[in-house]
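The whole structure should be built from the sequences, with the hints applied where relevant.
2 protein chains.
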Amino acid sequence: MRRNERTPVLRLCAIALVAAVCGCAAAFGQSGGVKDPLPSWNESAAKRQIEEFVQRTTKPGGPDFIPEDERIATFDNDGTLWSEQPIYVQFAFAIARVKALAPQHPEWKTTQPFQGVLEGDMKAVAASGEHGLLEMLAATHAGMTTDEFEKTVKGWLSTALHPKYKRLYTECVYQPMLELLAYLRANGFKTYIVSGGGVEFMRPWTEQVYGIPPEQVVGSSGKLKFEMRGDTPVLLKLPEVDFVDDKAGKPVGIQKFIGRRPVAAFGNSDGDQQMLEWTAAGAGARLLLIVHHDDDVREVAYDRKSPVGTLDKAWDEAVQRHWIVVSMKDDWKTVFPAEKGKSAQ
Amino acid sequence: MRRNERTPVLRLCAIALVAAVCGCAAAFGQSGGVKDPLPSWNESAAKRQIEEFVQRTTKPGGPDFIPEDERIATFDNDGTLWSEQPIYVQFAFAIARVKALAPQHPEWKTTQPFQGVLEGDMKAVAASGEHGLLEMLAATHAGMTTDEFEKTVKGWLSTALHPKYKRLYTECVYQPMLELLAYLRANGFKTYIVSGGGVEFMRPWTEQVYGIPPEQVVGSSGKLKFEMRGDTPVLLKLPEVDFVDDKAGKPVGIQKFIGRRPVAAFGNSDGDQQMLEWTAAGAGARLLLIVHHDDDVREVAYDRKSPVGTLDKAWDEAVQRHWIVVSMKDDWKTVFPAEKGKSAQ
Numbered sequence: 001m002r003r004n005e006r007t008p009v010l011r012l013c014a015i016a017l018v019a020a021v022c023g024c025a026a027a028f029g030q031s032g033g034v035k036d037p038l039p040s041w042n043e044s045a046a047k048r049q050i051e052e053f054v055q056r057t058t059k060p061g062g063p064d065f066i067p068e069d070e071r072i073a074t075f076d077n078d079g080t081l082w083s084e085q086p087i088y089v090q091f092a093f094a095i096a097r098v099k100a101l102a103p104q105h106p107e108w109k110t111t112q113p114f115q116g117v118l119e120g121d122m123k124a125v126a127a128s129g130e131h132g133l134l135e136m137l138a139a140t141h142a143g144m145t146t147d148e149f150e151k152t153v154k155g156w157l158s159t160a161l162h163p164k165y166k167r168l169y170t171e172c173v174y175q176p177m178l179e180l181l182a183y184l185r186a187n188g189f190k191t192y193i194v195s196g197g198g199v200e201f202m203r204p205w206t207e208q209v210y211g212i213p214p215e216q217v218v219g220s221s222g223k224l225k226f227e228m229r230g231d232t233p234v235l236l237k238l239p240e241v242d243f244v245d246d247k248a249g250k251p252v253g254i255q256k257f258i259g260r261r262p263v264a265a266f267g268n269s270d271g272d273q274q275m276l277e278w279t280a281a282g283a284g285a286r287l288l289l290i291v292h293h294d295d296d297v298r299e300v301a302y303d304r305k306s307p308v309g310t311l312d313k314a315w316d317e318a319v320q321r322h323w324i325v326v327s328m329k330d331d332w333k334t335v336f337p338a339e340k341g342k343s344a345q
Numbered sequence: 001m002r003r004n005e006r007t008p009v010l011r012l013c014a015i016a017l018v019a020a021v022c023g024c025a026a027a028f029g030q031s032g033g034v035k036d037p038l039p040s041w042n043e044s045a046a047k048r049q050i051e052e053f054v055q056r057t058t059k060p061g062g063p064d065f066i067p068e069d070e071r072i073a074t075f076d077n078d079g080t081l082w083s084e085q086p087i088y089v090q091f092a093f094a095i096a097r098v099k100a101l102a103p104q105h106p107e108w109k110t111t112q113p114f115q116g117v118l119e120g121d122m123k124a125v126a127a128s129g130e131h132g133l134l135e136m137l138a139a140t141h142a143g144m145t146t147d148e149f150e151k152t153v154k155g156w157l158s159t160a161l162h163p164k165y166k167r168l169y170t171e172c173v174y175q176p177m178l179e180l181l182a183y184l185r186a187n188g189f190k191t192y193i194v195s196g197g198g199v200e201f202m203r204p205w206t207e208q209v210y211g212i213p214p215e216q217v218v219g220s221s222g223k224l225k226f227e228m229r230g231d232t233p234v235l236l237k238l239p240e241v242d243f244v245d246d247k248a249g250k251p252v253g254i255q256k257f258i259g260r261r262p263v264a265a266f267g268n269s270d271g272d273q274q275m276l277e278w279t280a281a282g283a284g285a286r287l288l289l290i291v292h293h294d295d296d297v298r299e300v301a302y303d304r305k306s307p308v309g310t311l312d313k314a315w316d317e318a319v320q321r322h323w324i325v326v327s328m329k330d331d332w333k334t335v336f337p338a339e340k341g342k343s344a345q
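Taken in sequence, the protein lines are chains L and C. Every letter in the first sequence is one number past the one before it in our numbering, and letter 262, counting from 1, is 262. Every letter in the second sequence is one number past the one before it in our numbering, and letter 302, counting from 1, is 302.
In short, the hints are calculated from the structure, not lab data.
With a straight-line cut-off of 25 angstroms between C-alpha atoms, the simulated SDA-like cross-links for lysine to any residue are:
| hint | chain 1 | residue 1 | chain 2 | residue 2 |
| --- | --- | --- | --- | --- |
| 1 | L | Lys247 | L | Gln85 |
| 2 | L | Lys154 | L | Glu135 |
| 3 | C | Lys333 | C | Leu168 |
| 4 | L | Lys223 | C | Arg260 |
| 5 | C | Lys305 | C | Pro86 |
| 6 | L | Lys190 | C | Gly211 |
| 7 | L | Lys190 | C | Tyr183 |
| 8 | C | Lys247 | L | Pro239 |
| 9 | C | Lys59 | L | Glu207 |
| 10 | L | Lys247 | C | Asp231 |
| 11 | L | Lys190 | C | Pro204 |
| 12 | C | Lys247 | L | Leu238 |
| 13 | L | Lys305 | L | Ala92 |
| 14 | C | Lys190 | L | Ser221 |
| 15 | C | Lys154 | C | Ala100 |
| 16 | L | Lys154 | L | Leu168 |
| 17 | L | Lys225 | C | Glu240 |
| 18 | L | Lys223 | C | Glu240 |
| 19 | C | Lys223 | L | Ala138 |
| 20 | C | Lys151 | L | Pro67 |
| 21 | C | Lys225 | L | Ala283 |
| 22 | L | Lys225 | L | Gly143 |
| 23 | C | Lys225 | L | Pro239 |
| 24 | C | Lys35 | C | Gly211 |
| 25 | L | Lys223 | C | Gly222 |
Pasting the structure below:
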């Protein structure tokens with residue numbers, strides 16, 4: 001056989017074989033058979049329980065098998081996927097917006113809570129109470145179109161730095177949770193955010209940062225109004241609360257926006273308790289997990305007494321009902337993506 | 001070379017090649033090159049425009065290419081995906097529920113609109129106005145848990161027959177639209193329902209009937225309340241309107257529940273006009289389509305003067321802005337799945 005004759009056939013075979021082998025390798029990798037899907041998790045009971053849940057619920061014919069379309073996993077955001085200390089990121093955004101908009105509002109110099117924000121007097125801001133905070137939210141989150149607000153959020157997040165970690169807020173996300181999100185998705189779970197935070201504040205960046213597209217983000221929201229500006233339709237953000245996606249609001253938000261009960265739920269505070277209860281109450285295998293912030297070296301240690309991200313009743317219930325309580329200190333090899341590659345701390 | 005020596009290698013090559021060729025064929029089929037993805041559509045301009053849109057927006061590197069995660073397609077339900085004549089299916093459900101619940105409500109015998117429903121006096125029902133209809137909705141759609149309501153809807157749909165076609169309502173869906181949904185999904189589009197109908201009324205069956213999962217159904221809704229019944233959390237349906245997903249409410253619903261602008265939108269009435277306007281106003285290629293009910297032989301002919309599914313202003317705008325107006329009579333080879341296989345009528 002001359003070389004010229006067989007070359008095209010063999011090349012075709014080779015290409016096809018490479019494709020086939022790559023396909024197999026990818027599939028094998030996806031099921032977690034080769035590569036550790038959770039490298040930033042220490043080899044503790046928490047990690048074992050997560051892996052064991054995924055294995056038994058995705059094994060066709062197994063007693064705990066969950067069909068792929070029912071594999072809904074809901075994640076709280078603040079304190080579960082990214083840092084919520086010293087203040088919620090969205091609150092930091094509102095403060096920055098008050099400062100940026102102040103030149104157009106000379107009256108803010110003498111009106112609380114704006115005066116407090118401008119003078120750095122957070123006691124005065126807090127003293128303005130819920131009414132004051134709602135006014136601040138209205139002034140910074142409403143009176144513009146959804147497109148304009150999205151641009152503002154993206155702009156701020158692209159430059160604002162976390163006061164403690166001195167890096168972008170979107171880099172103050174938890175590496176072990178990024179791996180958990182990817183691991184669940186690789187096994188056919190649909191990952192959702194169900195957060196007390198504003199839905200319009202999260203959607204502009206969750207796809208890039210968490211791999212969670214806008215349509216899988218559930219959150220609190222203000223009312224919207226459709227109107228024509230000349231020939232162009234816009235959606236105007238109104239200064240009126242529409243839905244609060246926190247505590248008992250979380251199961252409501254899940255039903256409103258997703259319409260089926262999750263099989264896995266992840267939180268870190270009392271605001272997530274009802275979401276975990278609602279998830280737990282369905283028939284079949286369940287994965288329920290609370291992140292406990294007990295690492296004051298790499299992050300912040302806080303729980304029962306913290307005004308931000310209080311973990312008290314939900315902790316008691318987690319212990320009583322054998323939900324997984326993750327110790328950031330003991331269960332996580334690394335906390336933030338920036339630490340990746342460094343040795344365990 | 002002896003036969004035994006070369007066989008294993010050639011067999012491997014053959015297997016790999018078959019796999020590769022099958023892969024190509026599948027991909028080719030998906031893009032519509034081999035099998036007609038829309039066999040119930042006549043070879044008209046409407047069909048050509050749909051296929052041409054899908055081809056140019058899914059061609060990598062093409063000027064109109066749309067990344068897969070942005071391929072959001074929203075469909076109205078009543079009159080677009082299934083029949084809405086002589087009355088909305090959900091209204092037929094409410095009437096059936098009033099009759100079923102009447103023994104527990106002796107007072108309904110002398111109270112409108114219930115008396116009218118029980119006596120078959122639809123004039124009296126209509127005369128009770130919006131207030132009466134809301135009362136009827138509250139009595140039949142609230143005061144129970146979401147789980148209980150889902151069971152009731154499924155139960156009714158499994159036996160109730162359409163008064164004209166004498167088959168299940170879920171069989172009064174439009175075969176050409178089922179094909180369009182499947183064709184779009186095969187090309188990476190995510191298909192959503194955005195309907196004025198109740199979201200809790202649609203979600204129990206849309207996955208089975210349309211291939212649209214509950215989390216991709218946007219609709220009108222009543223308020224929900226989370227509460228514990230002993231150890232079991234439930235979501236109670238309250239007799240209070242939460243959101244009306246119709247007319248200007250449709251773009252609002254799209255933003256609230258999906259969080260990104262569709263690239264394709266499908267409707268049949270003035271209630272869909274703002275959804276199509278909102279979709280059209282985004283940058284890039286768009287597919288906008290109105291189903292015109294002009295077939296009084298196979299379905300019902302109605303448009304500008306019809307109290308159900310009025311198509312008036314949206315029709316004018318469709319003509320003016322060159323949206324596709326589908327003639328059921330001329331563009332559809334068959335209307336309902338039951339006709340499939342029969343010759344064109």
